[in-house]
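**Q** So you can see what is in the structure, the chains are spelled out below.
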Amino acid sequence: MPASAAIPAWLPLAILLAPVLTAAFLLACGRRAGHWGAWLSVAMMAACFAGSLAVFLGGLDQGHWLGWHSSTVAWLAAGTTSATPGFGLSLGLQLDGMGALMLMIVTGLATLVLLFSTWYLHDDRDYPRFFWMFDFFCFAMLGIVLSDNLLMTFICWELVGLGSYFLIGYWYDKPAVADDTFYQGMKAPYATGIIESKLSPGDAQLKAFVMNRIGDFGFLAGIAITAWVVAGWCAASGHPATHLLSWDTVFAAVADGAFAKASFAGLTGTDLLTLAGVGIFLGAMGKSAQFPLHTWLPDAMQGPTTASSIIHAATMVAAGVFLVARVYPMLTPDALLVVSWIGAMTCFIAAVIACTQWDFKGVLAYSTVSQLGYMMLGLGAGALAGGLGAGIGHLFTHALFKCMLFLCAASVIHACAGHQDLGRMGGLARRMPITAGVTLVGVLAICGLPGFSAFWSKDAILASAQVAAQQRGGLAWIPYALGLATAGLTCYYMMRLWVRAFLGPERDHHVTHHAHDPWPRALLALLVLAPFSLQAVWTGSLNPFATHSWLDHLLAAPSAGLLSMPGAVLPSPALTEALHHAHVQVMIAASVLLVLGAGTALVVFWWLPARGIDAAARLRQLPPFSWAWTVSARLWGIEYLYDALFVRGLGKGAGRGLAEVDLGTPERLARLDGGGSRQTEPDPPSLDGAIDAGTRLVRWIGSAGNALQSGRINAYVGAAALVTAVLVALALVG
Amino acid sequence: MIDPTSLLVTAVCAPLVGALLLWLPPPRASWAAGLLPRAVALLAMLVSAVAAFALAAGFYATPGADLRGELLLPWYPAWGMALHLGVDGVAASLLALSGLIGVVAVLASAGISNRVRAYHSLLLLLMAGTNGVFATLDWVSFYIAWEVMLIPMFLLIAIWGGEQRRYAALKFLLYTMAGSVLMLVLMLGMHFRTPAEGVRVQVDPAQVEAQARPDGTLYGLRVEQVAPAGQPLRYEAVVPRSFDLLHHSLLWNHWRGVALGSWALAGVGFLVLYLAFAVKVPVIPFHTWLPHAHVQAPTAISVILAGILLKLGVYGFYRLAWPLFPAVALDWGFVLGVLGVVNILAAAWIALMQDDLKRLVAYSSVSHMGFCLLGLAAATPAAISGSLVQAVTHGLGSAMLFLLVGVIYDRVHHRRVNGFGGLAGPMPRYAGMFLFACLGAAGLPGLAGFVGEVLVVLGCAQSPAAAWAGHGADAFRWLAVAAAAGVIMTAAYLLWMYKRVFTGPVRHDEHRALPDLSAREWATLAPLAVLTLAIGVYPALVTRLVAPGAELLARHLAWVATVR
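Which chain is which? The protein sequence lines are S and L, in order.
If you're matching positions, the first sequence starts at 1 in our numbering and goes up one per residue.
If you're matching positions, the second sequence starts at 1001 in our numbering and goes up one per residue.
To be clear, the hints were calculated from the coordinates, so they are not data collected in a lab.
Incorrect hints may appear among the rest.
Covered stretches of chain S, as calculated for chain L (at least 3 residues, CB under 8 Å) [said to hold, decoys possible]:
hint, stretch
1, 132–138
2, 166–173
3, 228–236
4, 413–427
5, 498–509
Everything numeric in this text was worked out from a predicted model, so none of it was measured.
Just so it is clear, CB atoms sit at the ideal spot from N, CA and C, and this is done for glycine as well.
Build out the structure end to end from the sequences listed, making use of the hints.
**A** Written as structure tokens, this is what we have:
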């Protein structure tokens, strides 16, 4: 385990703590922290980026990244001094190539987004609040990246969720969109998506937090199973249990077959490990908005667009992917199969929905869900099919171009005075050419045009998925097929987005006539990000068909034991051959799909409308397309199902039922609280009612036995004394 | 450095002295009616709190499972009656919590204008009772302290409560008395059925190791090392007839052989103690007094109720039910764990649909206290530590929530969740503190609530208690998974309530001009909030105090499982 000595021990800790200290300071300053607070944040984050760069370069050694591990401090300990099973939970920081790169990307993007926000939110009423919330989020996100153990990851996991909760609810007093006349006035008759959504920011933040908690439940359960098995292993093998959940200890226990000796729920050995892995993956599904926990992310777009750009597009939602990569040595082939199926379903389901969204941010939101599914599909292919490198590679390329696309969306929404309905945009390319150009770069990047970044990273994912399908056979071809289909859909909906917004005639003069490119410092952020959409940046080669990347070497280094499984990133020679074949096939297929998807969008939304044919409206009524349109526009019915099943059924319905069994009906409670109407008919049975009936019996006995005494309390005390005396006598005799 | 005994006596007696002072006829000055009682109460509670914190600081500085501040005053030696004071780290931390809650409650009572002197006198008496429960190690004074706090609480609700205060107060009284009367019977029965010449028992080496004095005595008894033929060395002692709880804890095996009717006395005894304390915790189905009491009680009394009184139940489990009848606790461990999980999940579900803010917070208390029972049942060092940490941190968190509900009730005179909306606009600081308290209660990492929950869940997953009780070895792991599901419901009911009260546009015009938190309200909230954050970031503040005691109990239970 080579470790880098060129990284000062204090630096990563300083990078972690600077944002939270800044956040605390700005929070304490309140509204006094006006514009200087914003610029303080930008400067702090830029310094963090410089530090991250120093860390990254310090660990670099001939294209590899050496490991780095801080000292650890005890945080929670119980029972470590005795023979009974106990554990110690410590905190520490650890980096490998993936982490060091992620550190740079998080701080770098955060700096640019903060810079952009100083323009985007400069006349917002609660401007200073945004910056402490954002800094707090960055702290938690960096904590996930730097964590050296499962528990600290879980802690920071919840805290990024809190940061997201804060920022989604930034405009806390905004009403639900359905009640908002401003938004209703601008709504197109066929509008679907966020504009149609009934959620207010308050609703959206609640939904995001609770949906994430469903995933966190699995995460916590997975941690509990892991901690139990690893503690047993430590006790049996004499391994110190003071840092029980560190990656090193957990992976050593896994490698030593610790799970083979334990059993839970009828599962043992690898099956038990699968269960723990799937539990942790459930947490990743929540954060990374994987089907069936994906529904919170599109609603999270109620937050400021700049917050969406980094939290709900580039970093936090990618934390799930990062986590899966982190615990990769724990994931069994069965667990990876689950990951690949969930990823494939997510990427397809979300891509279908994105095709009919009429909200600029809505398209991007579902596109993010879809791309996160891609990453999971890649990771699920398994290390031996090159899936780990592919999934992480797409995580990084996607982070940069999706962040940029969201900043473009922010420019467009700002230019259109808060409107985000694609139906009212059009012709914006003439008014804001630079934004249009940068957006096009992002669109081409996500579509995977040769020469652009996703051409390389998406290709790697699909090639890995194909190899995995060959290895697994049978039904395992379905995830690959869904991934391929999604490639075509992605090109369609992204090109549709760009064409509707930037080309064609001006559809609503009211909305677009003030539009212009943003201020220079915001433009700077866009222009800095644009080059990262190019493939050459990632592969280090101008040849678009080069499939190897410097990233592979960076990740492959046996750094600090994290990703050091044999063949984890660089596949064996035999598989290189299979991967090469897959690459060629996938490149051809993806290029055909690119032409088909983007071409259809261009024809339907640009070429035909320019000739006076509203092709989109006609297609919406033509049977096979109309069915697909309904499925897509109704979001596959998932939201309606959840509302009926979980919100109204299992949540409110069951809660009301239990409450009435417990304390009784609202009428009974109103009466007991001192209001309500006179009782006309007996209450339905309830626990509290039954107890009242019991006390009435006691009261009757008490009043019968102590008829001379009138005071109620005296009666009870007397009765109690009497009963006591009798019982004591019995106890003495018996 | 003041010696621990003085600190302990001060912590218990300061409120008592304050209460008695307030019984004296007051001077005829105008300030004597309102200001004087408040000042006396605040001073008494501050003295008590400072003493309790100093005592707890001693345990923080040198952690250990030993008993400190012991005081033994013979009372009626013929019956083995003696006043025995003393605390371990668990009792010390709960005593410190009690002192803090007492100070906060006095500050939060500023709105009381009716019979101020009587109110504060009763409040001090109540706090003297709760402190007494934590401070004592003999059953007689434990019982007296237990009853002493009952009547003041009854009167505080019945006189200063809401519209239906008498109904709620009576319900509180009947529930609690039903539990404690049986405990009195048990105490007397067990005392008089102990043979007068004493009982020779085997002693847990862990107890000797952790709690024996330097002179080799344990709880004042001579411990002998004996080596029966063919068996390993073991400790034995002769336990006299006494009311001392520590002596009783050595007799656990004796009571398993004593019959009461067709049952073993140990089983009946555990059931009685369980009922006495389960009412206080409260464990479903003995919880329905709690929502009524909270809804009717004035804010400060709710704060004491949630902050301290519920913890007495957990402390009773820890100090009496489990040590006196450990074998029974192990036999029923899984059932008790299930009851804990039912508390966690069912109460959270019920809380979801509560429209009264106080009732919602009351059910959240029921839900969170389920972790305490589950942790004790799981019987590992981590789980028991978690259970006790949860008792302390829930005291801080629920007190904060009830104070916050009181803040809005003082301003608008109702507590209906659906009668608010958009309060974050006019009252941003209040909204922030409310969110902080909700997140603390929801077990957000970095705040205190997380520490107890994660310890209980992780400790429960590795618990051997199910195997001890003869259930499948998996049983407690399922309970850990089920308890982990509580995180979903907790977030749902608290944040949904927050959303309806605070977000969106202001729904009622009369709420637009509501004043934000006042200085006095800040003073009550700030210490609780600071401690919540501090414990969440650095849990050792509490775990150093409670872990040794928890570990001793866990080791004792493990020993009992092997020798019984």
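**Q** Mind checking, does the stretch 498–509 of chain S have 3 or more residues with a CB under 8 Å from chain L?
**A** That given contact is violated, which follows from only 0 residues of the stretch 498–509 of chain S lying within Cβ reach (below 8 Å) of chain L.
**Q** Count the residues of the stretch 228–236 of chain S whose Cβ falls closer than 8 Å to any Cβ of chain L, and tell me whether that reaches three.
**A** Our answer is that it holds, as 3 residues pass the Cβ test (under 8 Å) against chain L, meeting three.
**Q** Within the stretch 166–173 of chain S, is the number of residues with a Cβ closer than 8 Å to a Cβ of chain L three or more?
**A** This one holds; 3 residues, not fewer than the three required, reach chain L with a Cβ under 8 Å.
**Q** Mind taking a look at whether chain L covers the stretch 132–138 of chain S? Criterion is 3 or more residues with CB to CB distance under 8 Å.
**A** violated (count 0)
**Q** Are there at least three residues in the stretch 413–427 of chain S whose beta carbon sits under 8 Å from a beta carbon of chain L?
**A** violated (count 0)
The structure does not agree with the numbered hints 1, 4, 5 stated previously, though it agrees with the rest.
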